[in-house]
Structure formats: structure tokens, C-alpha cells
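Here the protein sequences come in this chain order: A and F. Per numbering that gives the first Met the number 0, the very first residue in the first sequence carries number 0; after that it's consecutive. Per numbering that gives the first Met the number 0, the very first residue in the second sequence carries number 0; after that it's consecutive.
Take these hints with a grain of salt, some might be off.
In silico lysine-lysine, DSSO-like type, Cα no more than 27 Å apart, as pairs [stated by the list, open to error]:
#1 A:LYS24 - F:LYS28
#2 F:LYS28 - A:LYS117
#3 F:LYS92 - A:LYS24
The set of hints was computed from the structure by calculation and includes no laboratory data.
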Amino acid sequence: MVRPTWPIGGAGEDVSRQHDAPRSKTISLAEAARLIPDGALVTFGGVLLTRPPAAFIRELARQRRRGLRLVKPSPAYDLDLLCAAGCIAEAAIGITTFESRFGQSRQFRQAVERGTIKLREHS
Amino acid sequence: MQAASLGIPFQPVPGLHGTDLPATSGLAKVRDPYSEEDVYVVPSIRPDWAIVHVHEADDQGNARIHGSPGYDLVMTEAAAHVILTTERLLPSKEFAAHPEWTKVPGILVTAVVLAPGGAFPCACPPDYDVDARGIEAYLRAAGSANDLEDYLSRVDP
Numbered sequence: 000m001v002r003p004t005w006p007i008g009g010a011g012e013d014v015s016r017q018h019d020a021p022r023s024k025t026i027s028l029a030e031a032a033r034l035i036p037d038g039a040l041v042t043f044g045g046v047l048l049t050r051p052p053a054a055f056i057r058e059l060a061r062q063r064r065r066g067l068r069l070v071k072p073s074p075a076y077d078l079d080l081l082c083a084a085g086c087i088a089e090a091a092i093g094i095t096t097f098e099s100r101f102g103q104s105r106q107f108r109q110a111v112e113r114g115t116i117k118l119r120e121h122s
Numbered sequence: 000m001q002a003a004s005l006g007i008p009f010q011p012v013p014g015l016h017g018t019d020l021p022a023t024s025g026l027a028k029v030r031d032p033y034s035e036e037d038v039y040v041v042p043s044i045r046p047d048w049a050i051v052h053v054h055e056a057d058d059q060g061n062a063r064i065h066g067s068p069g070y071d072l073v074m075t076e077a078a079a080h081v082i083l084t085t086e087r088l089l090p091s092k093e094f095a096a097h098p099e100w101t102k103v104p105g106i107l108v109t110a111v112v113l114a115p116g117g118a119f120p121c122a123c124p125p126d127y128d129v130d131a132r133g134i135e136a137y138l139r140a141a142g143s144a145n146d147l148e149d150y151l152s153r154v155d156p
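Bound conformation, chain A alone (with noise of 0.2 Å):
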């Protein structure tokens, strides 16, 4: 019987090695954030109020983060925080709102009407 020679490892070798659990993806928010670069065409996860990457959001906004593009089906919080903090550019949205008893979402409808977002709403 022939041995199969394999892409990696000879007859043998021990290539357990090549098993080893790969090196880990995890870094710290601040690091996160800083892969963003300005002006980048980003989208956040959730719907509304609910499960928005909110914290990240808040670590763009410190870091000063400028010239985003969003495109979000319902974004609210974190839209309007990063209207507020001025760092979108332009947003691609279906509706946005704070729902319920919290209202409208003003930092977001104020940078629309200064006209210092461009809006493109498909709702």
C-alpha cells in the first residue's frame, strides 16, 4: 500500500501541531474602533432601540471619528449619537426614531434640516 503524501506534514510527522487552536480575534474597544477608518460605509446591527452596538458607537464619537457613511434599515441611538458628535456624512435609511415616549430622533433631524448630512431615506 502507498502511503498519500499530504499538503502538509510528511509521512510521520507529527502534525498535531498544525492544530493548534489559531490566535485569537479579540481586542479592546478602543482597537475596534480604530479599524474604522474616516469615511467609511458602515452598517450597525440591531433594530431601533433594541441590541445597537451602542458602546462601539460611543468609542467612534470620542475618538472623533469623521465623514461616516451609515446604511441601516431602523437605526435611532446610534444614528443620532453619531449625528450629534458630527461624525456622519451621510446616512441610507429606512425610518428612524426613539419610539415610544422618548420621541423623535432630534441630533439626526437637526443635522438633516443645517443640511450637514446627506439623507437618502427609502422608507
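Fit chain F to the supplied structure of chain A, relying on the hints for placement.
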């Protein structure tokens, strides 16, 4: 983003005939080669980055989302790069034991950030609901640059 998640250049969309939306959004029409009827199409959108908050992830970016994933799975498939923030980090063997619970495969993910409470003051059901005082604190601060800076410096630990 649905189109980008599938690697196709555009997506047919029903229900727009008779509305002003195609004109205001500048949507093109194509001829369906099968029915030979016109159909509106929206262009593919491929974000540079998708950032998604999940309940559980391992250090390779395999992730579980409990309850409705909303549009998050489409976002992670459509974007060029993905960052996850997660309530909890679990060992990879937990994901290997229950692969059917994995919603985001780690192969799509560039980086993972441990961020317990990372959706606050918004909700992360079933772990926590919207924090009304947290939302109100933001709304009070957001109108002034100084107050917003103060808010950003004290809201995260």
C-alpha cells in the same frame, strides 16, 4: 445588502409600482426574462464594515444571537469586514458542541470585543431591556457639545 450578501449585483423588489419611491430613489427597471414583465431593482450595497452586538461569541468570532437577529445576519454576510461586540466570551468547544446555534460564522469576523452591557442604554433581550433613564440622560446631553462630551466620558466604565 441582501444582494451583497448573495454576491449578486442588484435585487428585484416587488410592490413599488404606482408609488413615487422609484423616482425619488432613482431605481432602475429591468425586464424579467421569464415573465417578460418589468421589475424594479435596487443596487447591491456592500458596507466596508458591519459592527454587530451579540450575546455570545468565542475568540474566533463564532457568535450566537438569541431571539430575533433582525437584519444582522445579512449585514455580516454583506460587509467586507465584521466587528463583533459581545455580552459574553465562551470557549470554542461550546460552539463546536452546538454548531446549530451559531448564527455568525467566525470566518466572516475580523475582531471580537468583550463588551458586557454593550447595547446599553438600549435593550439586549432577554438579558436586559431599554434603560429609560439611560436614554433620557443621552437625550438631555445630546443637544450641547459640552454636555455630550461629558456624557461620553462618564457613560462607559
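Right, here's what the structure says about each hint:
1. Distance check on the hinted pair: LYS24 (chain A) and LYS28 (chain F) sit about 43 Å apart at the alpha-carbon level, beyond 27 Å; violated.
2. For the hint pairing LYS28 (chain F) with LYS117 (chain A), the CA-to-CA distance comes to about 25 Å; that is within 27 Å, so the pair holds.
3. Annotation: proposed proximity of LYS92 (chain F) to LYS24 (chain A) holds, straight-line Cα distance about 16 Å (limit 27 Å).
The earlier numbered hint that this structure contradicts is number 1, and it is the only one.
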